[in-house]
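**Q** Residues per chain, in single letters:
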Amino acid sequence: MTQKRMAIIASKGTLDMAYPPFILGSTAAALDYEVQIFFTFYGLQLLRKDLSDVKISPLANPAMPMPVPMPVLVSALPGMESMATMMMKQKIKAKGVASIEDLRTACLEAGVKFIGCQMTVDLFDFSHDDFIEDVEYGGASTFLQFAGETDICLFV
Amino acid sequence: MDFTKELDARGLNCPLPIIKTKKALGDLQSGQVLKVLSTDTGSVKDMQAFAAQTGNELVGSEAQGKEYVFFLRKK
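Top to bottom, those sequences are chains A and B. The opening position of the first sequence corresponds to residue 7 in this note's numbering, with each subsequent residue numbered one higher. The opening position of the second sequence corresponds to residue 55 in this note's numbering, with each subsequent residue numbered one higher.
Honestly, the hints are just simulated from the structure, not real lab data. Positions of the beta carbon are idealized from the N, C-alpha and C atoms, including for glycine. Careful: at least some of the hints might be erroneous.
Dumping the calculated DSS-like pairs for lysine-lysine here, alpha-carbon to alpha-carbon at most 27 Å [unchecked claim]: (1) K101(A) - K129(B); (2) K119(A) - K120(B); (3) K10(A) - K128(B); (4) K120(B) - K99(A); (5) K77(B) - K119(A); (6) K99(A) - K99(B).
Computed spacing ranges between beta-carbons, pair by pair [to be verified]: (7) K120(B) - A82(A): 37 to 43 Å; (8) K99(B) - G154(A): 27 to 33 Å; (9) K120(B) - T148(A): 25 to 31 Å; (10) D81(B) - D108(A): 36 to 42 Å; (11) K120(B) - L79(A): 40 to 46 Å; (12) M55(B) - S133(A): 53 to 59 Å.
Here are a few chain A residues that sit away from chain B, every Cβ distance over 12 Å (derived from the structure) [what the hints assert, rightly or not]: (13) L30; (14) S32; (15) T33; (16) A34; (17) L37; (18) Y39; (19) F47; (20) M86; (21) T91; (22) D108; (23) D131; (24) G144; (25) G154; (26) F161.
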């Protein structure tokens, strides 16, 4: 059986959208896939050494379950984003769901390759020092070289 | 069923039971059996899919109330 391959583009940097690339990446690696994840635009935030700024917002997210119905203008008040993030993290812990730190570590331990988008680093004046050391940097061509030979290719 | 090693994945949710199963199998020799305990309802189908894709054989599984027990023989 030849080894399967999966490529993912992670373009979003919110707490909820951090899960698909890290869950699928770590699981595919456990299933013996060779996996690369390309982090671009806001997705690059998921490679920061410190992930405590990764948040979830109830704003423009009407599908987010809330304990009480929440008018949009209330969701826009200062502190609501931090509160929603705190509540979501509590729920994640209570339900035995892994933290994004843990899933990211599981990816790395299983050999998932992380590619950071160099253009995004330049665009937002980021520094490679902001990110974990296990990242290689490249561009669209780097991603396509691997993606062109994959069985599964996803954009998140 | 006889087993060499037991993994307690109770209380953990997707994808942790599968990731920990993969890790635990790494400590076994080919032919040895791993017992996995789980409370994740999704792990019933996930464990079958894991076995089908990795070649480790799911030699037994049962539900005991809200707990699931799986036996995997390492490839």
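**Q** For every hint, state whether the structure bears it out.
**A** Okay, the hints, checked on the actual structure:
Proposed proximity of K101(A) and K129(B) is contradicted: the alpha carbons are some 32 Å apart, above 27 Å. Between K119(A) and K120(B) the CA atoms are separated by roughly 37 Å; this puts the pair beyond 27 Å, and the hint is violated. Taking the CA atoms of K10(A) and K128(B), the gap is near 20 Å; set against the 27 Å cutoff, the hint holds. About 20 Å separates the Cα atoms of K120(B) and K99(A), which keeps this hinted pair within 27 Å; it holds.
Pair hint K77(B) plus K119(A) holds up; C-alpha atoms about 18 Å apart against a cutoff of 27 Å. Annotation: proposed proximity of K99(A) to K99(B) holds, straight-line Cα distance about 23 Å (limit 27 Å). A C-beta distance of roughly 41 Å is found between K120(B) and A82(A), which places it inside the suggested range of 37 to 43 Å. Judged by the Cβ atoms, the range 27 to 33 Å given for K99(B) and G154(A) holds: they are separated by roughly 31 Å.
Evaluation of the 25 to 31 Å hint for K120(B) and T148(A) yields a failure: the beta carbon distance comes to about 46 Å. Distance hint for D81(B) and D108(A): a CB-CB separation of about 20 Å, inconsistent with the stated range 36 to 42 Å. In this structure the hint that K120(B) and L79(A) lie 40 to 46 Å apart at CB holds, the actual value being about 42 Å. Distance hint check for M55(B) and S133(A): the Cβ-Cβ separation is about 54 Å, which falls inside the suggested range of 53 to 59 Å.
Not every CB of chain B lies more than 12 Å from the CB of L30(A), the least distance being 8 Å, so the non-interface label is violated. With a closest Cβ-Cβ approach of about 6 Å to chain B, S32(A) is found to fall inside the 12 Å limit, against its non-interface label. Remark: the non-interface label on T33(A) conflicts with the geometry, its nearest Cβ contact in chain B lying 4 Å away (cut-off 12 Å). At roughly 9 Å, the least C-beta separation between A34(A) and chain B is not larger than 12 Å, which violates its mark as non-interface.
In this structure L37(A) is not separated from chain B by more than 12 Å, as the shortest Cβ-Cβ distance comes to only about 5 Å. Look at Y39(A): its CB is around 9 Å from the nearest CB on chain B, not clear of 12 Å, so calling it non-interface is violated. With a closest Cβ-Cβ approach of about 25 Å to chain B, F47(A) is found to remain outside the 12 Å limit, as its non-interface label requires. Every CB of chain B lies more than 12 Å from the CB of M86(A), the least distance being 26 Å, so the non-interface label holds.
Its beta-carbon lying about 19 Å from the closest one in chain B, T91(A) satisfies the requirement of being farther than 12 Å from that chain. Listed as outside the interface, D108(A) is inconsistent with that label: its C-beta sits roughly 8 Å from the nearest C-beta of chain B, within the 12 Å cut-off. Annotated as non-interface, D131(A) keeps its C-beta farther than 12 Å from every C-beta of chain B; the closest such distance is 35 Å. For G144(A), the condition that its CB be more than 12 Å from all CB atoms of chain B holds, with the nearest at approximately 27 Å.
At the 12 Å boundary, the C-beta of G154(A) stays outside the reach of chain B, the nearest C-beta of that chain being 23 Å off. Under the 12 Å C-beta cut-off, the non-interface status given to F161(A) relative to chain B holds; the minimum distance is some 20 Å.
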